[in-house]
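S.K.: Please model the complete structure; the sequences and the hints are all you need to start from.
Protein chains: 2
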Amino acid sequence: MSRFEDIRTGDTRSLGSFAFTAENIREFARKFDPQPFHLDEEAGKKVFGGLAASGWHVTAAWMKVMVEDLQRGAAARGETCEPVVSPGFRDLKWLKPVLAGDTVSYQSKVISTRVSGKRPQWGLVQSLNTGTNQHGVLVFSFEATVFLPRKTA
Amino acid sequence: MSRFEDIRTGDTRSLGSFAFTAENIREFARKFDPQPFHLDEEAGKKVFGGLAASGWHVTAAWMKVMVEDLQRGAAARGETCEPVVSPGFRDLKWLKPVLAGDTVSYQSKVISTRVSGKRPQWGLVQSLNTGTNQHGVLVFSFEATVFLPRKTA
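If you read the sequences in order, they're chains C and Y.
Following our numbering from start to finish, the first sequence increments by one per residue and tops out at 153.
Following our numbering from start to finish, the second sequence increments by one per residue and tops out at 153.
It is worth saying that the hints were derived from the structure and are not from the lab.
Some hints here could point you the wrong way.
Just so you know, same-sequence chains aren't split out, so a pair can sit in one copy or run between any two.
[Unchecked claim] No farther apart than 16 Å at their CA atoms in a straight line, the calculated lysine to aspartate or glutamate pairs in the EDC-like style are these:
no.: 1; residue 1: LYS31; residue 2: GLU68
no.: 2; residue 1: LYS31; residue 2: GLU5
no.: 3; residue 1: LYS93; residue 2: GLU143
M.R.: This is the structure we're talking about:
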C-alpha cells in the first residue's frame with residue numbers, strides 16, 4: 001500500500017499470499033473456531049472435501065499480508081510504517097472452502113478515496129479485497145475502509 | 001444457540017466472554033496483525049491509550065465464544081453439535097479499542113429466520129452480534145448470517 005496521497009481509485013495491488021497447512025488450520029481452530037471440520041481431516045472431508053480453514057483464519061491471513069505489504073512499502077521509501085486503523089468492513093464473503101495445502105493470494109483494488117470530513121488530517125480509502133486460491137478460484141472477498149494519515153495535512 | 005426450529009426473531013442470548021491479555025494480544029498480532037500498537041504497550045498508548053487488540057482478534061474471540069455456546073447447548077440436549085456454516089458477514093464495526101486487561105462479553109440477537117429457498121433442508125438465521133467491555137461500553141458489532149440444518153426437513 002502506498003501513502004494516501006499516492007492512492008488512486010482503480011489501483012490494484014497484489015498483497016501477498018498465505019499457505020494454509022493442516023498444522024496452522026488446526027492451531028487457529030483450536031483457539032478460535034473449534035469445530036470438527038476445522039480440526040479433523042475426516043470431519044472436514046464430509047462437509048468441505050478436506051480439512052478446511054476457519055473463515056476467520058482466511059480473513060486474519062489477509063490482514064497479515066496487507067500489513068506486511070504496507071511495511072515493505074514504507075521500508076522501501078525509508079519511512080516509518082503508517083498505522084492501519086479501520087472502523088470496520090462490509091460484505092465479507094467466504095465463497096469457497098480453503099483446504100489444507102491451499103495457497104491463497106490476496107489482492108486489493110481501490111474503490112474510492114476521500115479526505116475525512118471530521119478529521120482532515122486523515123484520508124479514507126475504501127477497497128475491494130479478494131483472495132484467490134492456487135487454482136485461480138475466488139474464495140474470499142470483502143470491502144474494507146481504512147484511515148491513512150495525510151502527509152500534506 | 002438453539003436448534004433452527006427453536007429460534008425466534010428477537011431472541012437475545014449471551015454467548016460468553018473473552019479476557020484480552022497483553023500475552024494473547026501480542027500472540028495474535030505477531031501472527032496476523034504485526035503493527036506496533038498491537039505488539040508494544042508504549043506504541044499502543046500513543047494511538048489507543050494502551051496495548052490494543054487487533055480488531056480481527058476481537059472478531060475471532062466472538063467466533064470462539066459462539067461455537068462454545070453452541071457446543072454447550074448441544075451437549076445439554078445430548079445431541080451432536082451442528083456445524084456453523086456461514087456465507088459471510090455484514091457491517092462489522094470496531095467501535096472502541098479493546099485493551100490488555102479488558103474482558104469483552106458477546107451477545108447475539110436474532111434479526112430474522114427463514115428456510116433456504118434453494119436448500120430447504122437448511123435454515124438461515126440472521127443475527128446482530130455485539131461485544132461490550134467490562135465498563136458496559138459497546139466495542140464491536142456485526143450482522144451474521146449462518147446456515148443451520150433443519151431437524152424437521
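S.K.: It remains to establish, for every hint, whether it holds in the given structure.
M.R.: Verification of the supplied hints:
1. LYS31 with GLU68: between (23 Å within a copy, 11 Å between copies)
2. LYS31 with GLU5: For LYS31 and GLU5, the Cα distance exceeds 16 Å both inside one copy (39 Å) and across copies (29 Å).
3. LYS93 with GLU143: Both ways: LYS93 and GLU143 sit 10 Å apart in one copy and 12 Å across, limit 16 Å.
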